[in-house]
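J.: The primary structure of each chain is shown beneath.
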Amino acid sequence: MELSDQIAQYLVSGLSTGAIYALIGIGFAIIYNTTEIINFAQGELVMLGGMFTLFFLNVCKLPLPLAIILAVAAATAAGILFERLTIRPLKSPTPLSLIIITIGGSILIRGIAMLVWGKDTHALPSFSGSEPLMIGSATILPQNLWIFGLTAIAIIGNKLFFQYSITGKAMRACAANRRAAGLVGIDVRRMVMFSFAISATLGSLAGIIVAPLTMTSYDVGIMLGLKGFCAAIIGGLSGGVGTVLGGLLLGILESLGAGLVSSGYKDAIAFIILLLILVIRPQGLFGRAQTERV
Amino acid sequence: MNREIIKFLLLVVVVLVAPLSVSEGYLLNVLVFVGIHTMLALALNLLLGYAGQISLGHAGFFGLGAYISGVLTANHGIDPWLAMAIAATTVTLMAFLVGFPILKLKGHYLAMATLGLGIIIYIVFNEAVDQTGGPSGLSGIPNLSIAGITFDSDIKNYYLIWTATLICMGLALNLVHSRIGRALRAIHDSEVAARVMGVNARLLKVQIFALSAGISAVAGSLYAHTMTFIAPASFGFNFSVELVTMVIIGGLASIYGSLLGAALLTVLPEILRTFQDFDIVVYGLLLIIMTMYMPGGLVQGIPALLSSIWGKLKRSPAAHA
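Those protein sequences? They're chains C and W, same order as listed.
Take the first sequence: its position 291, counting from 1, is numbered 290 in numbering that gives the first Met the number 0, and each next residue is one higher.
Take the second sequence: its position 247, counting from 1, is numbered 246 in numbering that gives the first Met the number 0, and each next residue is one higher.
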């Protein structure tokens, strides 16, 4: 294969993992913007998406589309429950206690998933076969197309929700100024709950659509979560286009790095980028100098 | 300060006699681990409890200490003590240099940056196969020896590790009761206020980070030479979290708390082993429950609990009278 063909191939696979990172990253950003919490359990909700789908598919013998919808619903419920049980009861939250409590939550969810579903890795079936398609000189799997399509729909839907729905507007008000939002009668605690729900929905969807390509197990959440956070940081925790671009950029760099430099160091690439961005440009590559938060 | 010295001497006596009540083998080995974990929790507590700066990458420094020591002795035939000194110096210097940009960050950002650093180090252990042996580990690391005594049995290792642990605890106690200790707590409470009072907060944070990493590296080096075999799995993200758990459960800003947290989290999994795989769930629950209901850790929580029970007991007969 020619080098240019190879690069085209890396781009395709990089873009599709990048889309996943973007979905997870937007979840981080939504929660961060309404609560100033970095939810370390975000990756576990991604994992729950995949594992719930497997459960509904294999144990309940449901057809794939129904299993996916139920899995997203179940993971969203888990996200809400998580906020209820860990974040809300906290009397005087400090950044440190919030970090520790969400880490505790992530370990707990991972542990329970391990007890329930075991330590094996499982594969989800592809949504529509695995016959590769040719696009130019690069081959592309139907699952990649699903990833692109569903990610685009999720991101656009998310955007419309925040732009036009009354709840979305209320959540943006919370992000801008929690006190003021409370004063004009917005139930801030409900908005916090919504932010966990939405981010769980997006995260679990990401976990489901990537599972046919990369397999899923109780511990996939750690890496996916961290990469998603990395995407969000590149995007300046903006929750919008910045994070999408951040995810895609990260996916491409990782894929090129794995293909051209060394596959073993693939995961290190994301963290080196993360460190560089945090140190050199903490507001993100695409963020404004002043990020949109209180 | 006198009471401090008596408390410490009491601990020394307990450490000296503890092996007498334990038979050679499994349980003694657990106590060796308690010692290593205490050093690590202590190191992290200086940073997290006293200075209020989180690190989710401390397993990386522990691993660097172990691997530098291990690679130098097993692959290059360098004297173990010299290797330990090289490991400690290198890691301290490295943390000092990395500390300047990283400790500018606060809260979540600092947590994520240290986490990233820890994971990068972990990946290098796995990938630098020709030196580290990769995922299957590095074996043939020689034991330490001094004046004809080779530390090659559980009981010898016990005294070796606990000597180091007690030295670290002594140094840490000294440090936190000194001017530096007060400055660290000032940074914890309000960095701005500390700066106004003339504390060079930036430099002090980096120094304590470097010291903390250095102690962790010594612990790693000791670990490598007592176990004679190391593998990357011991130095991953999960262990970093475990260390944070030890500090939180024992008690932030408490030297003895670190010992308590380390002891509890080292012994607990051994007990829970009968309920295989349950330990991870228990860790998560402990972290959540402690943060919510006992933010001062066991060191503060247990006396508070006892005194409240005691108070109720004392009050209730009085109420009847």
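Worth flagging that the hints you see were computed from the coordinates, not collected in a lab.
C-beta: ideal position from N, C-alpha, C; glycine also.
Any given hint could turn out to be false.
Said to hold, decoys possible - Derived contacts from chain W toward chain C, CB cut-off under 10 Å, selection only:
#: 1; residue: I5
#: 2; residue: F7
#: 3; residue: V11
#: 4; residue: V14
#: 5; residue: A17
#: 6; residue: P18
#: 7; residue: L19
#: 8; residue: V29
#: 9; residue: L92
#: 10; residue: L96
#: 11; residue: E126
#: 12; residue: V243
#: 13; residue: I279
#: 14; residue: Y282
J.: Out of the numbered hints, which ones does the structure contradict?
T.: Those not satisfied are hints 1, 2, 3, 4, 5, 6, 7, 8, 9 and 10.
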